[in-house]
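For reference, the chains in residue letters:
2 protein chains.
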Amino acid sequence: VTAGLLTVACAQLAPRIGEPEHNQALTEDAIRRAAAAGARLLVLPELCTSGYVFADAAEARALAQPLDGPAVSTWRRLTDEHEMVLVAGLCERLPNGAVGNSAVVIDRGELATVYRKIHLWDRETLVFAAGTQPAPVVATSVGPVGVAVCYDAFFPELMRSLALDGAQLITVPMNTPSTGTTIKPLAVEVVTAVAAAATNRVYVVQCDRTGDERGVRWVGASAIIDPEGRLLATADHDGAAGQLLVAEVEPGMAADKRVGDRNDVLSDRRPGLYRM
Amino acid sequence: VTAGLLTVACAQLAPRIGEPEHNQALTEDAIRRAAAAGARLLVLPELCTSGYVFADAAEARALAQPLDGPAVSTWRRLTDEHEMVLVAGLCERLPNGAVGNSAVVIDRGELATVYRKIHLWDRETLVFAAGTQPAPVVATSVGPVGVAVCYDAFFPELMRSLALDGAQLITVPMNTPSTGTTIKPLAVEVVTAVAAAATNRVYVVQCDRTGDERGVRWVGASAIIDPEGRLLATADHDGAAGQLLVAEVEPGMAADKRVGDRNDVLSDRRPGLYRM
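So the sequence lines, in the order shown, correspond to chains A and B. Numbering follows the numbering used here, in which position 127 of the first sequence is assigned residue number 154; successive positions increment by one, without gaps. Numbering follows the numbering used here, in which position 136 of the second sequence is assigned residue number 163; successive positions increment by one, without gaps.
No wet-lab data here; the hints were simulated from the structure. One should not assume that every hint holds.
Which copy is meant is left open, because identical chains are indistinguishable; a pair holds if it fits in one copy or across any two.
[Unchecked claim] Heads up, simulated SDA-like pairs for lysine to any residue below, C-alpha to C-alpha not over 20 Å straight-line:
hint, residue 1, residue 2
1, K284, R302
2, K211, H49
3, K284, L191
4, K211, L300
5, K284, R150
6, K284, P122
7, K211, P161
8, K284, P298
9, K211, A156
10, K211, R103
11, K211, V273
12, K284, P97
13, K284, Q92
14, K211, R257
Here the structure is a predicted model, which means the values were calculated and not measured.
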């Protein structure tokens, strides 16, 4: 094993709405499978504890958990046991009673950060309080990890911000509803992830969900992408339930932003000449 | 023909360095072929008059032309005759004696704007003066046209800026040297163009070159992409010399930034939460 190499994984689960114990068991099984595959970083889907297609805000509130609830507590215990970093989506009961579409970063038993999605998609606006803090970069035992949740990753300025803040691995818990428009040969959510990886020279580890839910189908856009934009792992065509994507990465490679002999994708920026 | 539909084209030429008359003839032939195909917008490659792999700055200076030189003069005459908008790369002799890696936008006989590339790639830094003005959006007879030149398009903030400035069609004259790294199933330069189109809901019309030149091979990354990220036209696998890509577009569609029932890719931005 070359110094600096490590194994990362995504588990493309199929949670069931309204069955939190079933969903919790899926996440625990995924952590054990990832550990068995040697993974030191695992990404799980957005809202993997609750499901996604809420009937209304009340249903989301009823399925939400605080940060000392069963999901985070169990994840802390298992990541400690397996010496792993976990990034997972959580339907979070906020201290003020609102509900957050959140992602937690847990590093070997410790809750390192919680991030609340800042770009809400469609009916999420009826259910969740949008986050008010920037997407974070967290110093972890696998290096600096950035977090974006699903539609967040559709904003190139957010992915760029994570790279400027030093993220070497950008993790993206997601739930990508299929809109009926099929972009070939790669789903547009995979394309945008490849572009983010290549233009920022970072790894992207994104974990979608699968499984029909109240008439919604999912794209299955899970992917692990290297800083040159190579797809190291993608989901099977039909987004098999529970599929574990695994790849070996070298996060330190993402600290080097050079391309070719004379260029650097971050220092070549011309900030005075953009409209932002 | 639906109101608002128009035909756009890219001509993936194979210029020869040091043979400006040959190259000029290629561009004139491309304009005539595009007109015959009904195109009202044609994009030609970066530096299509001069070639790309200059031995040194002196060779670039010798092959540069001012804006009243033969290339622009001829293009003005032909676009007037064919009632066409042309976006083409030009090795430009600047008034101060320096050389610009420029793109001109010519609308039915009139030089609407000239843009000098602001992100220079590799040895271009030894040859060209980097532009000092933002990439422009130009009101033309086919709608608001944005311009980026090759490596410029690798900066998501530049593409976003063009969208925020109202571009409906982003044109990208390019010369993409093959680096030996093959990204499959799509070249990374096509992937980044698809991502720019989809995340900004704009058309992207990018025109690469082909033809070996002093040991350099080219990716042949020409593509016409719609605001949902669909590839309307791409180059043949080996980037056939002179290939004309043609597609029918509806620029007005790119004025609508809505996605789904409740979202808008520009107004959903959270500018206070990015690091730029």
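### Hint check, failures only
Failing hints, ascending: 2, 4, 6, 7, 9, 10, 12, 13.
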